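Given only the sequences and the hints, what does the whole structure look like? Please build it.
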Amino acid sequence: MADIKYEDMREKLDRIDKYTNIEEPCKKDKTAWECVQLSRRVNRPGVKEYIDLICDEFMPLSGDRLFGDDHSMLGGIGMIDGRAVTIIGNVKGSNLKENIDVNYGMSHPEGYRKALRLAKQAERFNRPIITFIDTPGAFPGLGSEERGIGEAIATNLKELSTISVPVITFIIGEGGSGGALGIGVGDKLYLLENAVYSVITPEGFASILMKDPSKAEEAANIMKMTAKDLLDMEIIHGIIAEVEEGAQADPEFTASLIKKTIIKDLDNLCSKSKEALVRYRLNKIRSIGSTVETKSKNQILTKVLQKLGDEI
Amino acid sequence: MSKTIQCPSCHEEINEEEFLKSNKVCPFCNYHFRLKSQERIDLICDEGSFKEVFTNIKTSNPLNMEGYEEKLEQQREKSDLEEAVIAGECKIKGEDALLCVMSFDFMGGSMGALVGEKITETMLQGALTDTPVIICTASGGARMQEGIFSLMQMAKTSSAVSLMNKCGVPLFIVLTHPTTGGVTASFAMLGDVILSESGALIGFAGPRVIQGTIGEKLPDGFQTSEFQKEHGFVDAIVDRKDLATTLNYLIRTHKG
Ligand SMILES: [Zn+2]
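Each protein sequence line maps, in turn, to chains H and F.
Start counting the first sequence at 1; every next residue gets the next number (our numbering).
Start counting the second sequence at 1001; every next residue gets the next number (our numbering).
Hints are not guaranteed to be accurate.
[Said to hold, decoys possible] Okay, the calculated beta carbon distance ranges per label pair:
#1 H/Glu217 x F/Arg1208: 22 to 28 Å
#2 F/Ser1009 x H/Gln306: 47 to 53 Å
#3 F/Lys1166 x H/Ser94: 40 to 46 Å
[Said to hold, decoys possible] To give an idea of the chain H side of the interface with chain F (calculated C-beta under 7 Å), a few residues:
#4 Glu123
#5 Val243
#6 Leu308
#7 Gly309
[Claimed, not checked] Output of the computed footprint for chain H on chain F, the stretches with three or more beta carbons under 8 Å from beta carbons of chain H:
#8 1013 to 1020
#9 1036 to 1049
#10 1058 to 1067
#11 1082 to 1091
#12 1115 to 1129
#13 1142 to 1156
#14 1177 to 1187
Source of the hints: derived by calculation from the structure; they are not laboratory data.
Because the structure is a prediction, the values reported are computed rather than measured.
Glycine included, C-beta positions come from ideal geometry on N, C-alpha and C.
What follows is the structure, given as structure tokens:
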């Protein structure tokens, strides 16, 4: 049904995308390695600080209803500028005791399943979802594998790709691999100016591909993991500015830009029909890194969406 | 005198004729030797029924990573494969299907944009034409040379599974040794039915990484297909000789 409308909307949204940068970073560029180090600073603001600064009210919710409650995955319902939203985010911890409790932000399957439970709950009550990513990756351990960390992440990717409410994601620190992507499939993706997003850590890249773990700095610079790189490659929609010294020096500044971005995006995304929202998201996901010649790009997807019509 | 092959697991000498007749499974200890993509296709598909599709999808070097193109060229010569996955239409004991076969022989079966694209297009084609899709996995995870683009293939392939689900078209996964990383954390764990070969390494994090975290030896049989079945992530472990019959049964029973 909405095929013609969809094309119009895509063009319109693409145009809007280009203007989502709230503030052009005006400082001199940091190297990728400097960003990696800033993104991992222990005093870098985390999801809890941003919730405090952005939400009028917030109520955390616990548990995946299957196994337990993973403290490394925070979830709950907040009010932003009079609008109810579900917020999900990785918690790294701000002191040693907390770091250990949350495995430095590395979630077990129950963390991803809690995120999914809250996302599906949000969908039932038509609440937009905001996610904050800050994790080196999913937790690599016995319990994690026994309880199916692969299945948990995979199911989140599948479900989030067609969830019928807007999903806006901010990578606020480290965006590491599948563990980050597990709460990172959505309509809008932003990186904080000094945040990073990559398929593997620079240390991992250096030791596997360069056969020398001490070359992490060199690896970071060729991996194209900074906000600027990712914007150039059209992986993200925009960059959220930080003050020169980094977000830890002025969390209010960055939080106010995140809040403005959320309000602006929700005004836009909430005005779309659910079908249009999901169609746009699926086309976006389908296009990333496409190596099919432009002529036939997304052709089969378009036909599948036509076949499904309103059933999407 | 007939040739023999030594089993790397039990070190028994296997008669070559018997070895080929058993589809490269050790008759003494059930060790599964790796199959080449063509052997896997021959094992599953009716003779002459496999027609390769999506050959227009080509590998690119999205990060302009130095040395990647040379590496690809070397891998092509070494493995006699174009890339880490082959997609095609086929018949399985008379039933139509779309089949993707991944190969660990090509860059460890790693998933870059080409692998993600071919698997996604195959699933979408299946969803569009009501044709069941079978994917035989073998992968060490993401194609690191393609950086963030390789990570995004996880979202891309998983979104295609969502569309297959909505169209009511079945996805059958056959896990083979090894299947880890981003492939495990995407389509490999999303099959309507997930089959596995015996003794395959199946997991998300690699055993060495986990050993590094826990600082002790991993328990015996950790992350094998038998382990995954006991923990509820694999439906059945199927012998190679029964694979085509099993897939045919699944296709016939998923017609809605
Ligand atoms: Zn043997």
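Original post:
So which hints don't hold here, by number, going up?
Top reply: Per hint list: 4, 5, 7, 8, 9, 11 violated.
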